[in-house]
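At position 99 of the sequence shown the residue is numbered 99 (the numbering used here), and the sequence of numbers has no breaks.
One should not assume that every hint holds.
Now the in silico label distances, taken between C-beta atoms and shown as ranges [claimed, not checked]: (1) Trp28 <-> Lys83: 15 to 21 Å; (2) Asp81 <-> Pro109: 37 to 43 Å; (3) Thr48 <-> Trp28: 17 to 23 Å; (4) Asp80 <-> Ile58: 34 to 40 Å; (5) Gly135 <-> Ala23: 30 to 36 Å; (6) Glu136 <-> Gly82: 32 to 38 Å; (7) Leu137 <-> Phe64: 19 to 25 Å.
Source of the hints: derived by calculation from the structure; they are not laboratory data. Being a predicted model, the structure only gives us computed values, none of them experimental. C-beta: ideal position from N, C-alpha, C; glycine also.
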Amino acid sequence: MRTISLIIVHCSANKRGSALRLADIDHWHRSLGWKGCGYHFVIPTDGTVEEGRPIERIGAHCRFHNRHSIGICYIGGLADDGKTPMDTRTEAQRKALRKLLYDLRRRFPRALIVGHRDLDPTKACPCFDVVREYGEL
1 MRTISLIIVH CSANKRGSAL RLADIDHWHR SLGWKGCGYH FVIPTDGTVE
51 EGRPIERIGA HCRFHNRHSI GICYIGGLAD DGKTPMDTRT EAQRKALRKL
101 LYDLRRRFPR ALIVGHRDLD PTKACPCFDV VREYGEL
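Produce the entire structure from the sequences given, and follow the hints as far as they go.
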């Protein structure tokens, strides 16, 4: 098993209410020449936790940090204009993300839970302060 030091939360950068799912991201990432979805987990607006890349495999979601991290992506992150970063998580996504992070933190107790923007300040992703919201886990 890989050494996991980071659990990184992302958004898909889609408008609120997007129907995007893991299969759509998998198709898109394959079209880029990748080996499938770069995220380990995707959470659509209904709160389902869809498993992408197995956590035993290195992800493709955060440059310079893929080797030692797990990537989670919630669908959304943009306002209705499709441009403005915004926390668009549904209540179902919030609950699912909290439970997933709790479970992953139990499995990898030394891993830090961060947002993509915490590792790359040029990004707004995931459009909310992950460290503040989940720091107690």
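Against the range 37 to 43 Å, how does the distance between the Cβ atoms of Asp81 and Pro109 compare: consistent or not? Given about 40 Å between the Cβ atoms, the range holds.
Hint check for Phe64 and Leu137 - Cβ pair distance inside 19 to 25 Å: 24 Å, holds
Look at the Cβ atoms of Glu136 and Gly82 and judge whether their distance stays inside 32 to 38 Å. Taking Cβ atoms as reference, Glu136 and Gly82 lie about 33 Å apart, which means the hint holds.
Take the C-beta atom of Gly135 and the C-beta atom of Ala23, compute their distance, and say whether it sits inside 30 to 36 Å. Holds, at about 32 Å.
Do the beta carbons of Trp28 and Lys83 sit within 15 to 21 Å of each other? 19 Å, holds
Starting from the range 17 to 23 Å, see whether the pair Thr48 and Trp28 falls in it by beta-carbon distance. Since Thr48 and Trp28 have Cβ atoms about 19 Å apart, the given range 17 to 23 Å holds.
Take a look at whether the Cβ-Cβ distance between Asp80 and Ile58 falls inside 34 to 40 Å. 35 Å, holds
Violated hints are absent here; each numbered hint is respected by the structure.
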